[in-house]
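Novice: Line order of the protein sequences matches chains A and B. So for the first sequence, the numbering used here puts the first residue at 1; every next one is plus one. So for the second sequence, the numbering used here puts the first residue at 1; every next one is plus one.
Among the hints, a few may not be true.
Stated by the list, open to error - On the chain B side, residues computed to face chain A include the following (Cβ under 10 Å):
#1 Tyr30
#2 Phe82
#3 Val84
#4 Arg129
#5 Glu135
#6 Ala143
#7 Arg153
#8 Leu154
#9 Thr159
#10 Asp223
#11 Glu250
#12 Val253
#13 Asp254
#14 Met260
#15 Phe261
For the record, the hints were derived by calculation from the structure and aren't laboratory data. These numbers come from a predicted model, not from an experiment. For glycine and all other residues, C-beta sits at the position ideal for the given N, C-alpha and C.
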Amino acid sequence: MTEAPLLGVRGLTRYYGERVGCRDVGFDLWPGEVLGIVGESGSGKTTVLACLSGRLPASGGRVEFRRRDGSMVDVLALSEAERRRLARADWGFVHQDAREGLRMSVSAGANVGEPLMALGARHYGEIRGAALEWLAQVEIGADRIDDMPETFSGGMRQRLQLARNLVTRPRLVFMDEPTGGLDVSVQARLLDLLRGLVTDLGLAAIVVTHDLAVTRLLAHRLLVMREGQIVESGLTDQVLDDPQHPYTQLLVSSVLHP
Amino acid sequence: MTAYNFAFLDEQTKRMIRRAVLKAVAIPGYQVPFGSREMPLSYGWGTGGVQVTASVIGPDDVLKVIDQGADDTTNAVSLRQFFVRTTGVRTTTRTDEATLIQTRHRIPETALRAGQIVVLQVPIPEPLRWLEPRETETRTMHALEEYGVMWVRLYEDITRHGRVETAYDYPVVVNDRYLMRPSPIPKFDNPKLDRNPALLLFGAGREKRIYAVPPHTRVRSLDFVDHPFKVEAWEEPCALCGARAVFLDEIVVDDKGGRMFVCSDTDFCERRRAGEAPR
């Protein structure tokens with residue numbers, strides 16, 4: 001890689017009182033790369049994601065993010081104002097439960113348009129145009145633009161959340177179990193869509209999941225976490241097909257094959 | 001009424017409220033918390049406005065009290081009586097004569113002048129409340145000027161009704177910085193807030209907040225570039241005084257569907273009928 005990494009994480013640590021949330025987590029993420037973080041529940045993957053995105057204060061470490069102008073900034077050292085501004089302009093966050101990521105009381109169009117309005121868009125026609133375009137991208141019909149997310153199915157809500165996150169053209173998207181809670185055929189469709197969008201837009205993404213199949217389809221590289229620490233990392237196929245760490249071996253062999 | 005201090009409130013309370021008012025004037029549109037007192041009237045009847053008025057009123061003031069534009073409604077008459085009994089100041093119904101005007105839901109049609117103080121009664125001061133119930137979060141949003149969500153509300157209105165349906169308490173940005181609720185005045189009155197030569201004070205008693213628009217401050221109503229802010233307009237003039245471009249009330253005059261539109265500002269209407277008012 002000749003290019004500088006988009007995100008550089010060093011020694012990221014988070015304690016919950018005496019207990020360890022995550023300890024000494026470090027990795028680099030390059031533009032256009034999708035990184036998967038896997039591990040059982042309680043392994044610290046969601047903690048890592050929350051610390052990276054600034055939703056949770058870290059106990060130590062550095063998270064360097066490369067801004068649009070090429071300069072590096074330590075996300076953990078930013079003031080809340082600066083961090084929220086950075087998050088609005090450059091980041092997306094896809095929640096497992098679409099309800100958390102959506103405003104359920106306003107229409108689908110307003111949900112997609114809101115990030116644009118937060119960035120200063122003040123032209124109704126243009127905002128609506130962008131909303132229509134992004135609904136089409138995530139395969140939601142134009143006739144649903146004025147409907148409430150409440151009337152959408154689980155899969156549609158998740159796709160709507162995706163549109164809301166991508167409309168601002170973020171450079172980094174955090175995803176927390178993006179396919180959790182959906183049935184398998186809906187999962188497959190969403191994964192298909194995600195894979196297409198990630199490739200088309202050249203998005204960098206960090207996907208936290210306990211579903212190894214999801215990482216196989218989406219992620220270029222994989223981090224395996226256990227008890228708050230990274231126990232193995234490498235290319236996705238390499239980690240899944242030839243796991244070296246005993247825990248990764250256990251994880252891979254625990255997957256059921258129907 | 002010697003048992004009560006001048007203007008009902010004790011001097012320490014008045015000083016506390018004046019400090020809040022000064023701070024509010026220094027930061028236009030910012031909601032300053034204050035220690036709201038129990039007043040001898042119920043919440044929702046103007047406890048915030050009464051406390052602000054009681055703190056700034058002096059023996060030389062000439063007081064006018066308006067409710068929905070009228071000087072003769074229960075609320076206006078009661079509050080005026082209250083201040084007459086507790087201060088002995090001169091009262092008036094004429095906007096041009098008054099030095100201090102407490103008002104609910106209207107700004108007078110007669111142009112205000114420098115030196116006048118208008119006190120508005122506010123039920124809910126927080127413009128972001130409907131979309132964010134947490135006070136800690138709305139304060140952060142104000143601090144960081146994160147007001148994008150307010151446009152979501154306008155977006156929804158235009159999408160559903162073809163235009164912004166908010167007719168009163170229409171949100172404004174003060175001095176290009178703070179988002180503010182102008183209290184439940186009709187949006188017709190919003191343009192009057194902009195660069196008004198009078199001092200506008202807002203008091204919310206139950207919510208314990210005071211805010212202000214100092215004289216000649218820029219006040220902008222929220223809108224979209226392609227859906228600009230518009231005020232209400234009526235096809236007919238006032239049935240009593242013939243005024244146009246004023247806020248009209250619809251009055252039902254019989255039980256056969258008869259109705260008329262008259263000025264909501266009773267003082268303005270009377271002055272015109274007496275042949276002495278402007279416009």
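Novice: Take the hints in turn and mark each one as holding or not.
Specialist: Verification of the hints:
A distance limit of 10 Å between C-beta atoms decides the matter here; for Tyr30 of chain B the minimum to chain A is near 16 Å, and the interface restraint is violated. A hinted interface residue such as Phe82 of chain B counts as satisfied when its beta carbon comes closer than 10 Å to some beta carbon of chain A; here the least separation is about 41 Å, so the hint is violated. Interface restraint check for Val84 of chain B: the shortest CB-CB distance to chain A comes to about 47 Å, outside 10 Å, so the restraint is violated. Interface hint at Arg129 of chain B: violated, since its Cβ lies 14 Å from the closest Cβ of chain A, which is beyond the 10 Å cut-off.
Violation of the interface hint for Glu135 of chain B is found here, the shortest Cβ-Cβ separation to chain A being roughly 17 Å, above the 10 Å cut-off. Interface hint status for Ala143 of chain B: upheld, as the beta-carbon distance to the closest one in chain A is roughly 7 Å, under 10 Å. Because the beta carbon of Arg153 of chain B sits about 8 Å from the nearest beta carbon in chain A, less than 10 Å, this interface hint is met. A hinted interface residue such as Leu154 of chain B counts as satisfied when its beta carbon comes closer than 10 Å to some beta carbon of chain A; here the least separation is about 8 Å, so the hint holds.
Interface restraint check for Thr159 of chain B: the shortest CB-CB distance to chain A comes to about 6 Å, inside 10 Å, so the restraint holds. For Asp223 of chain B, the suggested interface contact is upheld, since its CB lies about 8 Å from the closest CB of chain A, less than 10 Å. About 30 Å separates the beta-carbon of Glu250 of chain B from the nearest beta-carbon of chain A, more than 10 Å, and the hint is not met. A distance limit of 10 Å between C-beta atoms decides the matter here; for Val253 of chain B the minimum to chain A is near 40 Å, and the interface restraint is violated.
Interface hint at Asp254 of chain B: violated, since its Cβ lies 42 Å from the closest Cβ of chain A, which is beyond the 10 Å cut-off. Checking Met260 of chain B against chain A by beta carbon gives a least distance of about 37 Å; that is not within 10 Å, so the hint is violated. Interface restraint check for Phe261 of chain B: the shortest CB-CB distance to chain A comes to about 31 Å, outside 10 Å, so the restraint is violated.
Checked against the numbered hints given earlier, this structure breaks hints 1, 2, 3, 4, 5, 11, 12, 13, 14 and 15; the rest are met.
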